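With the hints as a guide, dock the two chains, each given alone in a separate frame, to form the complex.
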Amino acid sequence: KAGVTQTPRYLIKTRGQQVTLSCSPISGHRSVSWYQQTPGQGLQFLFEYFSETQRNKGNFPGRFSGRQFSNSRSEMNVSTLELGDSALYLCASSYTTGGEGTQYFGPGTRLLVL
Amino acid sequence: SQQGEEDPQALSIQEGENATMNCSYKTSINNLQWYRQNSGRGLVHLILIRSNEREKHSGRLRVTLDTSKKSSSLLITASRAADTASYFCATDTGRRALTFGSGTRLQVQP
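Residue numbers (the working numbering), protein chains in the order written: chain A, 1 to 114; chain B, 1001 to 1110.
Bear in mind the hints are in silico, worked out from the structure with no lab data behind them.
Source: prediction; values computed, not measured.
Among the hints, erroneous ones may be present.
Result set (DSBU-like, lysine-lysine): computed pairs, CA atoms no more than 30 Å apart in a straight line [said to hold, decoys possible]:
1) A:Lys57 - A:Lys13
2) B:Lys1026 - B:Lys1070
3) B:Lys1026 - A:Lys57
4) B:Lys1026 - B:Lys1069
5) B:Lys1069 - B:Lys1056
6) A:Lys13 - B:Lys1069
7) B:Lys1070 - B:Lys1056
8) B:Lys1056 - B:Lys1026
9) B:Lys1070 - A:Lys13
For reference, chain B alone in the conformation it holds in the complex (with noise of 0.2 Å):
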């Protein structure tokens, strides 16, 4: 079963509008990472946050993390066509895998 559960399973926005995407998950993590993937090709990392960090930026990204509602968000901001993709959050548990969310489908309209 998976460990994440992504919200919302797709968005469709506008180029220049930010996008939200949320992860659950069920048991403790040692970290939780946000992948990319575009059209069925090969996952790209994007960042990855310990459990005891609670906000994280790269670029265009903002990651936070809230382990005591045991979720977290993914922002993309000032989106652009090419963030046109599949947006996956995996946890790292201690059990030597990533167990990988259902994934949120971004669409972002030029």
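So here's chain A without its partners, still in its complex pose (with noise of 0.2 Å):
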């Protein structure tokens, strides 16, 4: 099968942009979550769909948002950006819920805010 895919890998933007971020989970899974991971706050949850529903979400503002598509792709959006979004942005799918079983991580998107 192939693996998580998440488009685009690098992306630039200034302060004040918005950004959508696209990720296709492995055929036949339908949990994605999505993962921020900086330097100072490590690997934090930002929200988990599944079957086109928000299941849970994480402590983030409210610029940050997501849905999932029927095929299961899950895109996330972060509005109004700020320099403190600079990170790399994981996505992962699994076949169950997120948390109960093994989740399959694509790699990553590197968004850098000037």
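What follows is the structure, encoded as structure tokens:
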């Protein structure tokens, strides 16, 4: 099976702009979780979608949002970008809802906000 | 805040030696998982141990779990240069999300 894919891999934006990141899960997986990784805060959970429904949300401001389509592909959007949003954004897919089983991670999207 | 804290933060060993890293967590868990990350890339799942298990093996990996002490350890035997990476423990507390520790950076010298 093909692994989890994320696009784009690298992105440079300026403060105030918005950005949309995409994640295609492994075929058959219905759960997609998003994580933000920074040197200072480590890996932090953003949200999880399962069968097009947001199941859980981490402690992030409303500028961070996401959605999942009927084919399980997911997008996350960050509006009004801030310098602190510079990070590696990872998505992970799993067959069951996040946490209960193995999560398979994509290579990540590295976002730089100038 | 991080649920899991890894110890040590960094570890440097020679090829062929064993590497042990520890993870402590704060609340009760359903399972604990270990992941590896190479140079800021995606994470690779290594092993999952459920709360009712005490030890698990996978190839050169051995994981133990002590729920009374809220701690786990990952042992990599006969390490190789290719094992150089960051290792993270992650806990499932039933909140439908994994909570990751701060990671241990392992450097294996050839």
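Now the hints, each set against the structure:
no. : hint                  : result
1   : A:Lys57 - A:Lys13     : holds (25 Å)
2   : B:Lys1026 - B:Lys1070 : holds (7 Å)
3   : B:Lys1026 - A:Lys57   : holds (20 Å)
4   : B:Lys1026 - B:Lys1069 : holds (10 Å)
5   : B:Lys1069 - B:Lys1056 : holds (17 Å)
6   : A:Lys13 - B:Lys1069   : violated (45 Å)
7   : B:Lys1070 - B:Lys1056 : holds (16 Å)
8   : B:Lys1056 - B:Lys1026 : holds (21 Å)
9   : B:Lys1070 - A:Lys13   : violated (42 Å)
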